[in-house]
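Protein chains in written order, with the numbering used here: chain A, 1 to 773; chain B, 1 to 281.
For the record, the hints were derived by calculation from the structure and aren't laboratory data.
Be careful, since some hints might not be right.
Stated by the list, open to error - Pulled a few chain A residues facing chain B out of the computed Cβ check, cut under 10 Å:
{"no.": "1", "residue": "635"}
{"no.": "2", "residue": "640"}
{"no.": "3", "residue": "680"}
{"no.": "4", "residue": "682"}
{"no.": "5", "residue": "696"}
{"no.": "6", "residue": "699"}
{"no.": "7", "residue": "701"}
{"no.": "8", "residue": "702"}
{"no.": "9", "residue": "759"}
To be verified - Straight line, CA to CA, 25 Å or less: simulated SDA-like cross-link-like pairs of lysine to any residue:
{"no.": "10", "chain 1": "B", "residue 1": "241", "chain 2": "A", "residue 2": "636"}
{"no.": "11", "chain 1": "B", "residue 1": "278", "chain 2": "B", "residue 2": "265"}
{"no.": "12", "chain 1": "A", "residue 1": "305", "chain 2": "A", "residue 2": "348"}
{"no.": "13", "chain 1": "B", "residue 1": "65", "chain 2": "B", "residue 2": "219"}
{"no.": "14", "chain 1": "A", "residue 1": "745", "chain 2": "B", "residue 2": "265"}
{"no.": "15", "chain 1": "A", "residue 1": "27", "chain 2": "B", "residue 2": "100"}
{"no.": "16", "chain 1": "A", "residue 1": "305", "chain 2": "A", "residue 2": "767"}
{"no.": "17", "chain 1": "A", "residue 1": "17", "chain 2": "A", "residue 2": "499"}
{"no.": "18", "chain 1": "A", "residue 1": "608", "chain 2": "A", "residue 2": "355"}
{"no.": "19", "chain 1": "A", "residue 1": "745", "chain 2": "B", "residue 2": "261"}
{"no.": "20", "chain 1": "A", "residue 1": "537", "chain 2": "A", "residue 2": "557"}
{"no.": "21", "chain 1": "B", "residue 1": "278", "chain 2": "A", "residue 2": "635"}
{"no.": "22", "chain 1": "B", "residue 1": "228", "chain 2": "A", "residue 2": "636"}
{"no.": "23", "chain 1": "B", "residue 1": "228", "chain 2": "A", "residue 2": "637"}
{"no.": "24", "chain 1": "B", "residue 1": "241", "chain 2": "A", "residue 2": "766"}
{"no.": "25", "chain 1": "A", "residue 1": "745", "chain 2": "B", "residue 2": "269"}
{"no.": "26", "chain 1": "B", "residue 1": "241", "chain 2": "A", "residue 2": "637"}
{"no.": "27", "chain 1": "B", "residue 1": "278", "chain 2": "A", "residue 2": "636"}
{"no.": "28", "chain 1": "A", "residue 1": "745", "chain 2": "B", "residue 2": "184"}
{"no.": "29", "chain 1": "A", "residue 1": "127", "chain 2": "B", "residue 2": "37"}
C-beta: ideal position from N, C-alpha, C; glycine also.
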Amino acid sequence: MSLDQPEPIFLGGTVGKSVAKPDNLEKVQGRAEYIADLYRPGMLHGAILASPHAHARIRGYDLSEAMQAPGVVAIITGDDVGEGRMGAFIKDEHAIAKGKVLYVGEPVAAVAARTEEEARHACRLIKVDYEELPAVLSPEDGLAEDAPILHEQLADYIKVFDAGAEGNLCSRTELSEGDVDAAWAECDVIVEDEYTTQPQAHVSMEPCGALAEVDPNGRVTLWSANQSVFRVQANVCESLGLPMSKLRSMTPRVGAGFGNKMEPHIQPITVALAMKAKRPVKLILTREEDFEMVRARHPFRVRMKTGAKSDGTLVARECEVLVDCGAFADDSPGVMGYSLLMCGGPYRIPHMKASGKLVYTNKLRFGAFRGFGNPQVLFAGEQQIDQIGEKLGLDPFAIRRKNMLREGDQWFVGPRIGSNGLGRCLDAVERASKGSRADGSPRNFGLSVTAHISGLLGTGAIVKMLEDGTISLNTGATDIGQGSDTVLAQICAEELKLPFDTVAVASPDTDGSPYNWGTTASRVTYTTGRAVKAAAKKVVDQAMNHAAEMLECDVDDLELREGGRIGQRGSNSDVTFAQISGRAHWAVGGPLVGSETLVFDEPTHDPKRAIALGLPFPRIGVFSFAALGVDVDVDDTSGQVTVHEAWSAADVGRAINPRLVEVQLHGGFVQGLGYALYEEMVWDGARLANPSLMDYKVPTARDVPDAIHTYIIEDPDPTGPFGAKGAGEIGLNAAPGAIANAVAKATGARHVHLPLTGERVLAGMLDPGGPQD
Amino acid sequence: MTEVLSPGTIEEAVAMLAEYGEAMPLSGGATLIAMRNAALVEPSHLVSLDRISDLRGIDRTADGKIRIGAMTRHCETAACAELTGSLYVLRRAAGMIANRVVRNMGTMGGSVANADPAADYLPALACCDAMLEIAGADGRRSLSIHDYIDDWYETALAEGEIITAITLPAPVEAPSTYRKIARVSGDYATASCAMALDPDGQGMRVAIGACGPGPLRDRAGEDALRGKLGEPAAVAEFAGKLVAIADPVDDVRGSAEYRLRLIPRLVSSVLSELTTQKETA
Ligand SMILES: Cc1cc2nc3c(=O)[nH]c(=O)nc-3n(C[C@H](O)[C@H](O)[C@H](O)COP(=O)(O)OP(=O)(O)OC[C@H]3O[C@@H](n4cnc5c(N)ncnc54)[C@H](O)[C@@H]3O)c2cc1C
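Between the sequences and the hints, there should be enough to build the whole structure, so can you do that?
Right, here's the structure in full:
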């Protein structure tokens, strides 16, 4: 869909240009400051003692020997943290284990000492008296009649979102449209299967870390690696019983998040240690701890059934998921609900039913991870689309074009779709991937499409014109490396018709920044960008009023000119931002500040068309679309899959910074390739068997194709800043489905389990029709 | 705290190892330093072999054999032009170890001493019928690679002994190669295969890695196969014997079942690669 009135793009402005991120230089020079680079006077170092048990009651602690160890200043345990609990959906989590431990690796005690080595040494001297309890290691076990219960006080917890929590059931969601049960009779082809997907680790370059300091008045300053200073503030304050005004949360540079740093990690523990030690404390997890303690992508069990008419028209789909929540709810109810909302894919399917159960288990929490439940269901759904196409003789492009959502359609359950460039994404991929390889050999081609939202919740922006007419922009959005500071500055500069480098972006700080829910849900460009544009517009309006007075003319006769000038239309006379801002600061009206806050408020659910129980996001966002094609090789000897070439096209509304969109598509694809082919957190009983980069493998530069072609499709969204929508997750979603489709083409075998390891693919090659393990 | 000692000769080094019971030899440090950082080993002293010039270099001896000093780094072995024909397998294995960073650090002596069952040198050396030169406080000895591995991570090296060099028979003109199956580039092998054809093309030597405590080699089976390399049934029967002596584990790189499945596939695909090479040569 195009805009009724396309917004005029200022030629020569910065929107649409691949401006280099200003922080590139400091990063390549190794001068960017992360938590590890921060020091405070008198600072101590923290270390954590992790639970050796999956499920146990804590009977008591003996800290005497550890307290005597060299360098030790303070030790905290569950006894130090009060009754407060945190959680985005269900407040089920203390700052540190209290009363019980719920997974191997859960923090049980923490030490602050002069050096990290001393702190780690003292941890080993802490004695904890445990009463071991039987553990729940799978959602199936968790739902068993006589299953041990993880959260005995679940009924009493504060629930921001309450969807049937009981026993080990954390939430359930049921969405439906049309009449699925009756619709199967109308179908000429039906495919059905059960799929499983594995847990994936985020493996951010920077492990989780925090530094906390308490001032003489008891107010806490906290720096941490995070995706939202405001969620950090909320989580620490809820779990430690502090008023939010008593904690200032900030962030230095962040070495990626991918969802891992959105909700709490060790910030509450670090603050508790600093409060007890009465000295600043820095705590950084080792790579192994980062794997074992924090969170990971949810393993899913998906039962999916899809039916179509003989001409390929999709009629019905049913999807049932069973999701491992891990020990704490965290973002899990959101992930499961979102996966069900997305399980139909970007297709018109008149009859849909989606249901899911989320079950507590004695594993680390599963939580937000780029894709947020979408890749899991797409792995199933996009294979079924191909299977139906195969049965009916429709190629993968044809069956998708035939069924894709069009302009004016609503998404499953009801959200409005703004712009939709999916057809153009398919065109771009088809055109580029057509034919054979350069050497003439045929391709093993696989295709998948996807949609993803960008939106959700509150955000704000403050634009200040400084005395000299340059700009300070403050949004509270954390740039985790993806370049949001750059993009937001571009939006601000564009609206003010200023050069990009006149806009300085303030570092997120709960004291000075307007609220921002977080760098998550592919939302910053879209939601925060809207706030920035509106706030900048307010500054322009104020400047216009000054200019009218200064030039003694009517505001309507004025125009904003490139480079920070306002002049009278048809005349050369103008005033500069510096003159205007000087006047405002020293003489008339006061300094120029524009601010805007907003919350995404369009409803998800349209009760006229759908039934929705346990819908986690009543207001969700706008839709981006993408198509991904891959051409794979399968090694005859080992069954190992390599992706030879990939084509990724995404409709992002408008690319504020095309280069940054491209690298999101590249990075998303590579992370999705790792998920599709290699990455898997493996449990040996209750213990994670591969919490290191020696044993848990992410793709290296040599495992990804040289050619990952990207195509940016711009179908501007009427509500987005300059038409922009999100681009952060959409590049990952389609990878497992596209790769599985290509493997099926190459080997003749359909796979229902991720990852597609050499072992699995070889088994499929040897017995394409057989059951695939 | 660990103290680092820097002897200048082999004799000094072994004397230091004998003197300090908790001492360990330090070569490239790629494995040892990581283990120490993870508190998996806590040596009182590290005896660095770095300054001992006798441990360096790749030389051809008077009788044509190749002698590789224990401190030879993987990157040097991977670039060594002397390793041709029947010895090319070793050069190729060296180039497939980990990544450039590790290849710039790690040494052949350190790798052989470490005896990781999934390491790349062991099958390549077994395929070459290498000899290990060993020095200890009581003197020097040499040992066939086939008598070296006792069990998982257990070797015939006695406490305080170091590997000083690896010697290989003179290279002959015959194709050889190394194939490694790994999850991603830079990972240890899930399974691997070192193979060299006989100069007349009638027989082969083959060693399988990562499917037991040490490389799998069946020399009697190889003899029986001579003259029958072109018979798939005979090759399959031979591969079956390797499967029978394999003792693979289930781990994060793959199941034991997968490894057993890979052995005959590796043998037949590497064999066909080498025979094609031989024919086109
Ligand atoms: C990330 C990573 C990936 C790797 N991937 C692979 C791989 O794919 N394939 C592979 O084969 N290897 C791999 N390795 C291992 C690598 O090859 C190491 O270099 C090698 O195992 C040890 O060599 P080193 O010289 O660094 O020995 P060190 O680390 O110095 O020592 C290793 C051990 O051997 C002992 N030692 C050292 N030298 C001697 C000697 N001369 N005599 C007796 N004992 C000695 C030490 O005391 C220590 O116990 C990898 C290592 C790393 C860190």
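Problem set entry | Contradicted hints - numbers only | Violated: none.
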